[in-house]
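K.L.:
One-letter residues, chain by chain:
Number of protein chains: 2
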Amino acid sequence: MAVYTDVSDDDLRAFAALYDIGEVLSCKGIAEGIENSNFLVTTERGNFILTLYEKRVAPKDLPFFIALMEHLARHGVACPTPVPGRDGIALRELCGRPAAIVTFLAGMWPRRILPFHCAALGRALAALHRAGASFRMTRGNDLAVAGWRSLFESCQTRAAEVQPGLAEELGAELVLLETVWPRDLPMGIIHADLFPDNVFFRDRELSGLIDFYFACTDFLAYDLAICLNAWCFEADGSFNVTKARLLLDGYRRERPLAPAELAALPVLARGSALRFLLTRLFDWLNPPAGALVRPKDPLEYLRKLRFHRAITGPGGYGLDV
Amino acid sequence: MAVYTDVSDDDLRAFAALYDIGEVLSCKGIAEGIENSNFLVTTERGNFILTLYEKRVAPKDLPFFIALMEHLARHGVACPTPVPGRDGIALRELCGRPAAIVTFLAGMWPRRILPFHCAALGRALAALHRAGASFRMTRGNDLAVAGWRSLFESCQTRAAEVQPGLAEELGAELVLLETVWPRDLPMGIIHADLFPDNVFFRDRELSGLIDFYFACTDFLAYDLAICLNAWCFEADGSFNVTKARLLLDGYRRERPLAPAELAALPVLARGSALRFLLTRLFDWLNPPAGALVRPKDPLEYLRKLRFHRAITGPGGYGLDV
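First to last, the sequence lines map onto chains A and B.
Per this note's numbering, the first sequence starts with residue 1, numbered consecutively.
Per this note's numbering, the second sequence starts with residue 1001, numbered consecutively.
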């Protein structure tokens, strides 16, 4: 639950007057998300989302994110579309923060993941990757393999506070992943944070994807590996191979996976598990001041990492390759 | 910022099906309020507020609050109206909590209080009191003078952690207020918590009042005293007598104040200051677990209390009686 910045009625009215969205009737801070301050703004024309970008989003990256959402929406991906002001500009400043208004997306994110969610997710992820292929901007992934070591080193000395031996286990995993990480898989725009709270459904239909503020240029199959971790484990830690198969098969219906991508899945899934483990560990050891957010359990991702270590090929994810 | 209970998409869909409000398109937790969990629910028919009543609201009081909002709305007060289900029932259960859907009220609460806000507030408060006169249910005020001593005693031993000598000062004030507290002023339904975040404006027009979960039966003029404290002090602690005069004059245009009510204002304002000081002190010393809310500064109300001690009659509030 995060609203870091309070927007006054006066400031909001002045800001909204720069847009062609009608009179603002209401503005409520949304108790979701961690990185930014989000408000549901109701105007005479309907609902919009106002986002104030807080310090964890680099201002230099915002033009990329805004242009990406515009591009994806134009290419048929159901996602929030930045609303330009009367001057044509979508990104401006409010309360000393970069700010943008985006369209409101109907739907709710699923709390209890059922197999059909994973099938729909796979198809939507592949469609996102295809639509991203014609997007001309790029953005490196700060949280890819090259970024994990510095993150690890910043947590290393205190990792044992969370679990004895954790630093040693992660250090060994990191060395291995740095060695075997793939070098030439198909690349493109990835969402990089497609957890259930970023995927909306209306009844059984996927209605859209949100929160593109980790999007970057990386291996497309890495996005699938992130989803395997985020969607296919049960609350008790067990891996649901039916969900994994539906996710991967849904994806392959829209975009075939090359043999090298399939073969790399276990390593990519280990890398994805390590990435979320490290960022959660960092937040656990360094809770952001004023965030009013409960840090997520890093050890959930240690259990996932260990699971993927035992997988030797895509058959472990239910695929009959 | 408070959302204590997460409502799943499945639970919400099943709940909403009991109402004639159309398909739920979205549900966002609202990062405002302290006592309850509030969600902005968008359906095909528009926006609604879903409230889950958390433990600080006594379930036995809920029928009173629901009936009061229905009564006030029917008598022309702009306030949320409980939406009954298809079975005619407005109060039911969701996620193990009492829950209700109320209508959405357009408007934003003013962060920077200007004199015109106080004039409009006075008129709306008097209109609320008049509309309440025909409401047949009653509810005692747990936080009236009879309730302050137990609150004080629960904080007494630790009050010095907040300010040395605080327990002695509050103890003396309490003895005095218990002695001089009025006994026969006009009574009726009061809101009892009409702070700026509970009063919505559209541009310069007051558009409605929300959050009736402290409403009770008490001296009508005590509601005015609460508003004097909540609306007429500047951030630097100074008392804005222009705002006070506009508040009281606005009120008197809709409901005349008897001489005894006017004479009692300084004592009522001291009592109101003590009441909020004590509840804030309690919350400061006993932060509710999992509230994710920054406790409010109790000493703000000590300064207000001291101000009112120096007032000898309604002239101190700008009235030319």
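If you are wondering where the hints come from, they were derived from the structure by calculation, not from laboratory data.
Since this is a predicted model, take the numbers as computed values, not measurements.
Quick reminder that beta carbons are idealized off the backbone N, C-alpha and C, glycines included.
Don't take each hint at face value.
[Stated by the list, open to error] Okay, the calculated bits of chain A under chain B, using three or more residues with CB under 8 Å as the criterion:
| hint | stretch |
| --- | --- |
| 1 | 4-12 |
| 2 | 17-30 |
| 3 | 35-48 |
| 4 | 237-249 |
K.L.:
Enumerate the violated hints, using their earlier numbering and listing them in ascending order.
P.N.:
The structure breaks only hint 4.
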